[in-house]
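Undergrad: Listed below are the residues making up each chain.
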Amino acid sequence: MTAPMTPVRSSPVAQALVARKAQWAPYRGMPCAVSVSAEDARHSAAVGVCDVSGLERCGLKGSGAAAWLEAQGVRVPAGANEWVALPGGGIVARLARTEFLIEDGPSGTEVRRVRPLIRAGIDGVTPVLRQDCALVLTGERVPELLVQTCNVDFSGVPADGPGLTLTQMVGVSVTVIRRELNGEPALRLWCDFTSGPYLWETLVGIAEELGGGAVGVAAAWPELHAATGT
Amino acid sequence: MSARLPPVDGEWIDRTRTLSFQFEGRAFSGYAGDVPSSALWASGVHVLGRSFKYHRPRGLLSLANHDVNALMQSGQRFNLRADVEALEEGMALAAVNTVGGVEADRLRIFDRLSRFLPVGFYYKAFHRPKALAAYWERVFRKVTGLGRIDFETPHIRTPKRYDFADVLVVGAGPSGLRAALAAAEAGAKVVLVDENARIGGSLGYQRGASDAGWKELQALEARLRAMPNVSIRSSTLAAGWYADHWVPLVDPVRMTKLRAGAVVVAQGAFEQPAVFRNNDLPGVMLASAAQRLIYRYAVKPMHTAVVLTANADGYRAALDLSANGVSVACVVDLRAKGESDELADRVKHHGIRVLPGHCVWEAEGQADRLSGVVVCPLNDQGQPDTSRPVKIAADGLLMSVGWAPAAALLYQSGCRMKYDDLTHQFVPVELAPGMFAAGRVNGVHDLQGRLADGARAGALAARHCGFSVPEPAAVARGPASVSHPYPIVDHPGGKNFVDFDEDLQVKDFLNAAQEGFDNIELMKRYSTVGMGPSQGKHSNMSAIRILARIVGKSPGEVGSTTARPFFHPVPMSHLAGRGFHPHRETPMHSRHVGLGAAWMQAGVWLRPEYYAAPGKRKAELVREEVRAVRSGVGLIDVGTLGKLEVYGPDAAEFLERIYTGKFSTLKVGMTRYAAMLDESAVVIDDGVVARLSDQHFYFTTTTTGSTNIYRELQRWNAQWGLKVGLVNTTGSFAAVNLAGPKSREVLAGLTSLDLSNEAFPYLALREGDVAGVPARLMRVGFVGEIGYEIHVPAEYGAHLWDTLMAAGEAFGIRPFGVEAQRVLRLEKGHIIIGQDTDGLTAPDEVGLEWAVKMEKPFFVGKRSVEIVRRRGPRHKLVGFEVDAAGARTAPKECHLVIRNGAIVGRVTSIVDSETLGRVVGLAFVAPDMTAEGTPLLIRVDGGAMVQARVVKTPFYDPDSARQKAPT
Numbered sequence: 000m001t002a003p004m005t006p007v008r009s010s011p012v013a014q015a016l017v018a019r020k021a022q023w024a025p026y027r028g029m030p031c032a033v034s035v036s037a038e039d040a041r042h043s044a045a046v047g048v049c050d051v052s053g054l055e056r057c058g059l060k061g062s063g064a065a066a067w068l069e070a071q072g073v074r075v076p077a078g079a080n081e082w083v084a085l086p087g088g089g090i091v092a093r094l095a096r097t098e099f100l101i102e103d104g105p106s107g108t109e110v111r112r113v114r115p116l117i118r119a120g121i122d123g124v125t126p127v128l129r130q131d132c133a134l135v136l137t138g139e140r141v142p143e144l145l146v147q148t149c150n151v152d153f154s155g156v157p158a159d160g161p162g163l164t165l166t167q168m169v170g171v172s173v174t175v176i177r178r179e180l181n182g183e184p185a186l187r188l189w190c191d192f193t194s195g196p197y198l199w200e201t202l203v204g205i206a207e208e209l210g211g212g213a214v215g216v217a218a219a220w221p222e223l224h225a226a227t228g229t
Numbered sequence: 000m001s002a003r004l005p006p007v008d009g010e011w012i013d014r015t016r017t018l019s020f021q022f023e024g025r026a027f028s029g030y031a032g033d034v035p036s037s038a039l040w041a042s043g044v045h046v047l048g049r050s051f052k053y054h055r056p057r058g059l060l061s062l063a064n065h066d067v068n069a070l071m072q073s074g075q076r077f078n079l080r081a082d083v084e085a086l087e088e089g090m091a092l093a094a095v096n097t098v099g100g101v102e103a104d105r106l107r108i109f110d111r112l113s114r115f116l117p118v119g120f121y122y123k124a125f126h127r128p129k130a131l132a133a134y135w136e137r138v139f140r141k142v143t144g145l146g147r148i149d150f151e152t153p154h155i156r157t158p159k160r161y162d163f164a165d166v167l168v169v170g171a172g173p174s175g176l177r178a179a180l181a182a183a184e185a186g187a188k189v190v191l192v193d194e195n196a197r198i199g200g201s202l203g204y205q206r207g208a209s210d211a212g213w214k215e216l217q218a219l220e221a222r223l224r225a226m227p228n229v230s231i232r233s234s235t236l237a238a239g240w241y242a243d244h245w246v247p248l249v250d251p252v253r254m255t256k257l258r259a260g261a262v263v264v265a266q267g268a269f270e271q272p273a274v275f276r277n278n279d280l281p282g283v284m285l286a287s288a289a290q291r292l293i294y295r296y297a298v299k300p301m302h303t304a305v306v307l308t309a310n311a312d313g314y315r316a317a318l319d320l321s322a323n324g325v326s327v328a329c330v331v332d333l334r335a336k337g338e339s340d341e342l343a344d345r346v347k348h349h350g351i352r353v354l355p356g357h358c359v360w361e362a363e364g365q366a367d368r369l370s371g372v373v374v375c376p377l378n379d380q381g382q383p384d385t386s387r388p389v390k391i392a393a394d395g396l397l398m399s400v401g402w403a404p405a406a407a408l409l410y411q412s413g414c415r416m417k418y419d420d421l422t423h424q425f426v427p428v429e430l431a432p433g434m435f436a437a438g439r440v441n442g443v444h445d446l447q448g449r450l451a452d453g454a455r456a457g458a459l460a461a462r463h464c465g466f467s468v469p470e471p472a473a474v475a476r477g478p479a480s481v482s483h484p485y486p487i488v489d490h491p492g493g494k495n496f497v498d499f500d501e502d503l504q505v506k507d508f509l510n511a512a513q514e515g516f517d518n519i520e521l522m523k524r525y526s527t528v529g530m531g532p533s534q535g536k537h538s539n540m541s542a543i544r545i546l547a548r549i550v551g552k553s554p555g556e557v558g559s560t561t562a563r564p565f566f567h568p569v570p571m572s573h574l575a576g577r578g579f580h581p582h583r584e585t586p587m588h589s590r591h592v593g594l595g596a597a598w599m600q601a602g603v604w605l606r607p608e609y610y611a612a613p614g615k616r617k618a619e620l621v622r623e624e625v626r627a628v629r630s631g632v633g634l635i636d637v638g639t640l641g642k643l644e645v646y647g648p649d650a651a652e653f654l655e656r657i658y659t660g661k662f663s664t665l666k667v668g669m670t671r672y673a674a675m676l677d678e679s680a681v682v683i684d685d686g687v688v689a690r691l692s693d694q695h696f697y698f699t700t701t702t703t704g705s706t707n708i709y710r711e712l713q714r715w716n717a718q719w720g721l722k723v724g725l726v727n728t729t730g731s732f733a734a735v736n737l738a739g740p741k742s743r744e745v746l747a748g749l750t751s752l753d754l755s756n757e758a759f760p761y762l763a764l765r766e767g768d769v770a771g772v773p774a775r776l777m778r779v780g781f782v783g784e785i786g787y788e789i790h791v792p793a794e795y796g797a798h799l800w801d802t803l804m805a806a807g808e809a810f811g812i813r814p815f816g817v818e819a820q821r822v823l824r825l826e827k828g829h830i831i832i833g834q835d836t837d838g839l840t841a842p843d844e845v846g847l848e849w850a851v852k853m854e855k856p857f858f859v860g861k862r863s864v865e866i867v868r869r870r871g872p873r874h875k876l877v878g879f880e881v882d883a884a885g886a887r888t889a890p891k892e893c894h895l896v897i898r899n900g901a902i903v904g905r906v907t908s909i910v911d912s913e914t915l916g917r918v919v920g921l922a923f924v925a926p927d928m929t930a931e932g933t934p935l936l937i938r939v940d941g942g943a944m945v946q947a948r949v950v951k952t953p954f955y956d957p958d959s960a961r962q963k964a965p966t
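The listed protein sequences correspond, in order, to chains A and B.
For the first sequence, counting from 1, position 116 maps to 115 in numbering that gives the first Met the number 0; every step adds exactly one.
For the second sequence, counting from 1, position 205 maps to 204 in numbering that gives the first Met the number 0; every step adds exactly one.
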């Protein structure tokens, strides 16, 4: 074998951001779009679509998954379709009664601690490889974007409430939560890696019609921006 | 001379903004807020279009979005509804259904030929003689059709939109306004829609020379607009109802799909025309149309009017005419006693003569305009006494003989309706949960009743949504006989139109029934009643009444036709909208773009078909890609394969049940081909199963199969209850196949795994790092060379591709696409599920007997395999090669195999193989044609026959020595 190499993680929407001449900074082995254009702040205030796929995550499912997580000291949401916050800005999402997604926030370490422990052979626990396209939607016109893309009424879902929605957006299966970022309401989205480019392009296209567009993490999630360079 | 009235309270026009436009080449002007019909009527133009079949002149009928004889073209916009669409500066309007213009329409000759164009004429023309069918088709195509499509019209991507409400109120007339108010006051989030440009409905125009309703409207509107939980949307049509109260709202810009907790249908009713001879002459119109003209557009409808009525509404209309300068010659009341309350007194006080117990026998015209009305008394049997006609000069005739409920949404929601003998209309008797009806559609016609009924329905809708509201009191239907039970007068001269869209006369219904089409659904289809652009809003009720008389039943027994969404035409641009067509891209997509991939669709995926290069054609490039794999090394993205994992103590048992093969004996670190059947023994999928540990398998499916197969596996396991966990990792893993004699050398530089044949033999699975990434590697042989399928987490896909391409550069690595892979696998005789199989193919028919382990106690499809084997195969898939003489006209996929003039099979795959130097393929043939050397005749394009013969597969490397690659 040749000399060991350092693999580079790639976001599912990396190429779309390259085409927009985004400014990059590394985040845990993946180039992270820090800014997309000089209009990021304005776009973010209208409708900002921001790629945060670089956040680390892991998943598991099975009848023993909840108990196993608790045994590892991970707080588990009480019910299906709920989420709880993790230290460092992360979340634990209960996607179904027996399925979980854990995502570290910008400065979180929980995934790094738990992920190596999830393996085949644990009774009632099935590891799930999470390779999501993860996005943040910010701005005051997000509700308008939602009504053009999704048939779920998010208006009654409180920001930072425990509710989690599994639905389709522009025909793509997505997981959605509302949470506050920078003290402002925002939407978090996850979809399959391979559906990410289509979801991204479609949402950005509509966001642009609404006076927003693609934005980098500096505008959408300053804590993540602060954590880049790692 | 302008027929514009002095300013009217509540008029919709803005007299400060004059708009210039053209109609049929002549210049006109109107006001902002006008519609083309109102502006033209104000300018003295009364022929607005020509009828569909007989090309008769037509004017205003409803001014309520149903004047289908006044459809117009304006530039690229066609079938513009002149009775409701806003007039715009510079419009160049023309009637759509003419040859030579609306006044000199050459096709008006059809009116004289009408006796030769009876009901069912189209059907009969095509029926016999058959030889003339093509001729008639040409004729009909030429003379029918409305509007002219301009193919240069830009594609407008109208955005779609979703919306949500507790209570949706459809119709903003008196009932709807009060319903919205009641629901909103209870705390509900209310959306109130109305198809008109302004809300208010009949409060705005059915005034009866009083401003009470108008003031009520102003008060209600002010209260509603002050409520933050009410959204008022005018020019918005609720076009249908779907389960769970999904209602498409169509506005001028887009369609919004609104989901409501409850729906109040307060759409009112369609005023119905009376049927008498020449009831279509310009100047004959619904009473409500004249009232709209006056109060919305400030246009005097006529100078002298006759009002034909059978209810109080006609009297109010007469008062409105009189109050606005129209001379009302008389009110002709179909009822024997006429109106008896204070309304009748008011009419008399206006000096208007009332003729109770009379009908209009016929209308007379001059210069395409009504000039007089012939009135007859009705005898004791309700028939016209034509011995005592009275002729009244008039340029306007108002019809106010009854109403048909606008109940389409109620019908669509499953509401049970019955014919109400009090009001002579269909009324709801059993509503679907969450559906409420109010006002005229509910059989409540007087104004105070409608207001109360609206409040009742709004409160009930709010209660349905969980808001605390006291149980409202019921509202009585009525008044009695608001609609006449039979406002239809037969006439020997005909031209008494029932359906203005399709020019159907009374005699057409009689003839249709006589020909056996004597139930309402059959009659509709045969006569086409209700099938025009107005969808029967003015004709269905009359058709039901006529048919009821013909068959001796009540209208209730005859019933009504089905009202499907959309009950009103919706622009195609709205239906097209912004399209969402999701596709999936593999993690290496951008690399393929950079390499010039020519794309193909594979299910929801985009895959490189081949990699383009300047100056080279596809066939040449594909051959080069094949050559690279056969002689050096190639790299293909196979990330689109379905990738599933099964964990748990019963994982092997689960796979044994799902697939036909044995997997309990599969050793850890090895892979095995797997075929999947459905319960009827049809081959539905295949792939490779790899055993990662005792309780952990990783397996692939076809590209297009993964989602359905995963769903099917979940369904099976819900039934079996085995201790397994299933995960669909299709999108989580990137995968490539590094194939070719030099693949081992390329890979060796990137991994610490021992790649020797001993340590990593053919069909083995290994886990290790490749290019620094944790990977799963499988020695597979789909393309017939030594090859490694390498699976890594998706986020490393691009890195893996880049690294392999860089490492392979010294070996002449070349990316190859689906087309080259198709050639390579065919040379090896490997089948593709879905291409070399079809929806009926059993495993024995495609040579998969070896993969079916009947000794297992169970697998999906096993019982059917036994049955199919007893029956024997219908056909068998064989390899063939085309005789050299026929190679120039090679067959294509799906070309037929012919024996003794009969079809005995078809080609499923074929390739002109450079490697083999011949054309080879796979074909289904009769079971007795499988012996090696059997001649095949294949019929190619143009009918020529090409000789081929059955040969053994694999065509290439029959011992598979190359893919096993011992060194």
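Any given hint could be a false lead.
As the list claims (entries may be wrong) - Listing some non-contacts, in silico: residues in chain B with all C-beta distances to chain A over 10 Å: (1) HIS154; (2) TRP213; (3) LYS256; (4) ALA562; (5) TRP604; (6) GLY724.
As the list claims (entries may be wrong) - Not the full set, but computed from the structure, chain B residues with beta-carbon under 10 Å of chain A: (7) ASP420; (8) GLY465; (9) GLU644; (10) GLY730.
Said to hold, decoys possible - Partner residues are not named here, just some residues of chain B that face chain A (Cβ under 10 Å, in silico): (11) ARG160; (12) VAL603; (13) GLY647; (14) ASP649; (15) ASP768.
Since the hints were made in silico from the structure, they are not lab data.
A virtual CB, placed ideally from N, CA and C, is assigned to each residue, including glycine.
Undergrad: May I ask which of the numbered hints given earlier this structure violates, with the numbers listed in increasing order?
TA: Result: hints 3, 5, 6, 7, 8 and 14 break, sorted rising.
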